[in-house]
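What follows is the residue order along each chain.
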Amino acid sequence: MTANILAAAAALITFGFVFFLLRRGALREKYAVLWLFFSGAALFFALSPGTLEWLSRVLGVAQPVNLLFFVTVLLLVLVSVQLSYELSRHEMRIRRLAEEVALLRDEINQDRQERDGN
Amino acid sequence: MNVLPLSIVQSQKFLIAIPAWNEAGSIASVVASVQKHRPDADILVVNDGSTDLTAQEALKTGARVVSLPFNVGVGGAMRTAFLYAQREGYLALVQVDADGQHDPADLDRLLEGLKESDIVVGTRFHPESMYFVGGPRRWAMVLLSKALSWMNKGTISDPTSGFRSAGPKAIELFAIEYPADYLGDTVGSLAIAIRQGLVIHEAPVTMYFRQVGRPSKNALWSALYLGRATLAILATGLKANRTPREEAS
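Chains F and E are the protein sequences, given in the same order.
Going by numbering that gives the first Met the number 0, the first residue of the first sequence is number 0, and it counts up by one from there.
Going by numbering that gives the first Met the number 0, the first residue of the second sequence is number 0, and it counts up by one from there.
If you are wondering where the hints come from, they were derived from the structure by calculation, not from laboratory data.
Treat the hints with care, since some could be wrong.
[As the list claims (entries may be wrong)] Short, incomplete list of chain E residues facing chain F, as computed with Cβ under 8 Å:
(1) L67
(2) V71
(3) L82
Remember, it's a predicted structure, so these values are computed and weren't measured experimentally.
Glycine is no exception: its CB is placed at the ideal position from the N, C-alpha and C atoms.
Sequences are here, hints too, so could you generate the full structure?
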């Protein structure tokens, strides 16, 4: 029972923290929704251990805890891959912007020199 | 706007692109030696976020200098050069390293080769070459060369050479896609070009040993080097053949 209370508290804190970040505009909705959903689900399973046990039985997992860990790890891996994807895309975009900035700055310099020269 | 007339005037010209990262000590002499050998050349120095006086030194020589806001690597610097070449309507671009490894006397041969091909890679490995590499580093280079030559169905004996020229087709391609990863700027870019069906030839060039920062030659380094090079080739080979939409601006 104590374990359930602990889990529920952790889920609540996560939910609250993400909600706080979202309100401050520090987190974009698309990421916030994900974490809110995760902590919401964690809270639900903490408060109703029966559901987890029922699910494990249906899926043929002997220990409900193993199902919990498996799903959690899977979800975290998926999120990490998704973040790597976003990061790669941003690095590519930033590089492209840096290249554009370099060329634009050069163009401005040339124009300025031309104008001052005439 | 005088964009159109300018590009017509310049269409007969070629661009020498020199990517430079903290090369204040050698950039001026490299530009000067290119100018001495080919007074007709337009020279673009791409200052890749240097923290020393590279840009100022390059400006003194009268070369055009484009400065990236931070260091993006040779691949990024070269794509900037290719973008510039494409927008200004150049039909040929020759890449020359800023550290003085390359001999401008070979420029003619690299430009001449573009008549029959889209890319000419200057190779250090030929009978008259003074360049020597040994040990694991050599094996790594040979393996890379074999892989790319097989892909190309024609010999590329020195795929990591940064002394190379590009014709109009290659300029169009590289202005859109030029890898910035380690070895992407040399090996990876060739793999992309081969995939797009560009014709790649090679020409013998002289290369001097770099004065500073001698590359390490131990086995571990070579293994890592090979691994990353293989990754660079595989990444290109496995990439879906898409038109890079969001990169194309």
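Hints, verified against the model:
1. Annotation: L67 of chain E was flagged as interfacial toward chain F, and the flag holds, the nearest CB pair being 5 Å apart, inside 8 Å.
2. The beta carbon of V71 of chain E is positioned within 8 Å of a beta carbon in chain F (closest approach about 5 Å), and the interface hint is therefore held.
3. For L82 of chain E, the suggested interface contact is upheld, since its CB lies about 6 Å from the closest CB of chain F, less than 8 Å.
Comparing the model with each earlier hint shows no violations; every hint is respected.
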